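Could you build all of it, start to finish, from the sequences and the hints given here?
These protein sequences, in sequence, are chains V and B. For the first sequence, counting from 1, position 35 maps to 35 in our numbering; every step adds exactly one. For the second sequence, counting from 1, position 101 maps to 101 in our numbering; every step adds exactly one.
Read the hints as simulated data drawn from the structure, not as lab findings. Remember, predicted model here, so these are calculated numbers, not experimental data. No residue lacks a Cβ here, since even glycine has one placed at the ideal position from N, Cα and C. A couple of the hints might just be wrong.
Stated by the list, open to error - The following residues of chain B were derived to be distant from chain V, with all beta-carbon distances above 12 angstroms:
| no. | residue |
| --- | --- |
| 1 | Val23 |
| 2 | Glu42 |
| 3 | Val45 |
| 4 | Phe50 |
| 5 | Asp72 |
| 6 | Lys78 |
| 7 | Met84 |
| 8 | Glu94 |
| 9 | Ile126 |
| 10 | Arg130 |
| 11 | Asn133 |
| 12 | Gly140 |
| 13 | Asp173 |
Unchecked claim - Across the chosen pairs, the derived CB separations fall in these ranges:
| no. | chain 1 | residue 1 | chain 2 | residue 2 | range |
| --- | --- | --- | --- | --- | --- |
| 14 | V | Ile46 | B | Leu64 | 21 to 31 angstroms |
| 15 | B | Leu64 | V | Ala161 | 53 to 63 angstroms |
| 16 | V | Ile46 | B | Asp40 | 40 to 50 angstroms |
Said to hold, decoys possible - Listed next, the stretches of chain B that the computed footprint assigns to chain V, with coverage defined by at least 3 CB atoms under 8 angstroms from CB atoms of chain V:
| no. | region |
| --- | --- |
| 17 | 174-180 |
| 18 | 183-193 |
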Amino acid sequence: MADDLKELKIELSKNGIFTTTLEELYNWGRKNSVWPLTFGLACCAIEMIATTMARYDLARFGAEVFRPSPRQADLIIVSGTVTKKMAPQVVRLYNQMPEPKYVIAMGACAISGGPFRDGYNVLRGIDRYIPVDVHIPGCPPRPEALIHAFMTLQKKIEEQALTGANRPRHLQADLPSEFPVPQFGEHGLEPTQNDEVFLAENGNPLKVLQ
Amino acid sequence: MSGVPAAEEIKAQIETAVPGARVRVIANGSPSGQQSLLLDHEHAVAVARFLRDDPALRLDFCSLMTGVDWLDAETSEKVKVKKMVAGPDGIDQEQEVDEVRKTKTPGYLEAVYHLFSMEKKHGPVIVRLRTANRTDGTDGTHLPSLTPVWRSAEFQEREAFDLYGIVFDGHPDLRRILMWDGFVDFPMRKDYVPPADDILETGLPETGVNP
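Encoded structure:
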């Protein structure tokens with residue numbers, strides 16, 4: 001929202017008039033009802049479960065409804081080690097979610113392979129195949145860290161513009177909402193990463209040095 | 001748990017019960033002193049049946065089965081050899097000379113079974129099987145399966161097949177269990193090299209901070 005509009009809004013609220021924009025209202029609704037997928041991979045999933053229980057109470061953020069079907073979910077929390085055998089299923093689940101959809105990569109394994117990185121069976125980070133919105137380091141991250149990641153995601157949703165060139169993927173018809181599922185190869189997954197998704201901070205694709 | 005007879009004793013019992021069986025006791029120099037029995041391929045299943053059914057042993061439970069990869073080993077030992085050596089006065093003399101002899105032991109794959117008795121409450125008795133060598137494609141990595149004797153070995157033999165490439169003859173359902181069917185490598189072998197997908201070109205300006 002432009003700055004002069006914001007000022008006008010503040011000015012109006014001082015006089016007892018409440019105004020909003022469609023964008024604000026839409027994003028406010030979206031960010032407070034993010035429904036995660038009932039999906040856990042390893043020990044991080046235990047922390048995720050703890051986050052949803054009474055002590056940490058993820059319901060405060062409108063995310064208490066863990067959906068058992070990807071068709072009803074907005075968020076996939078990749079909580080734990082992604083093995084190479086599981087990776088195609090994770091990508092497939094993500095593909096089955098309707099837009100707008102978000103990904104939190106939770107814990108050292110999900111973001112990079114973690115302590116099992118050198119294993120023959122472990123994917124070195126789920127961001128090789130699907131676009132990750134929030135990465136959480138930690139082994140496992142505490143529930144507070146997951147809540148922080150969740151609030152970061154809420155902030156990200158809040159700031160998404162409905163119009164303009166920077167509008168999010170789900171509002172751009174020509175951008176993909178599904179990503180190629182890696183295949184089981186003779187020595188590992190093929191391809192080893194999706195160059196469209198696996199990007200450096202500056203937007204350049206990350207390359208494997210042979 | 002103890003009360004199980006010593007390895008030498010079990011070896012003698014096997015040799016009387018299963019004629020022709022060749023059993024070797026593998027010594028264990030560690031404080032536990034757990035000795036194990038190396039069985040030959042031809043009589044392994046018969047010996048396993050004996051160990052399971054013998055009323056005194058009754059090793060009715062195979063708690064663990066695992067694979068081991070032994071690479072080609074070279075041992076060197078110093079041997080004193082008598083040799084004709086030219087002496088200081090130019091005449092050949094017989095002298096004792098130290099000579100280093102190197103013996104090459106070809107590598108092999110090994111299957112280890114830990115057996116217990118639920119009935120007698122004793123164990124473990126450790127049984128080993130060794131392949132002829134560790135080359136693929138030939139009969140070099142074949143072993144008899146003990147799954148017909150102990151059902152609990154089924155999945156673990158599949159795992160040893162999956163990760164070490166030991167082919168268990170007589171296994172009812174020998175498929176890969178952890179890796180997918182199209183996978184060709186045996187990742188727990190010591191000479192396994194994982195595919196290079198690790199080192200990344202970041203494309204970031206070289207600041208010296210973030211690699």
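Could you check the structure against the hints above and give me the numbers of any it violates, in ascending order? Failing hints: none at all.
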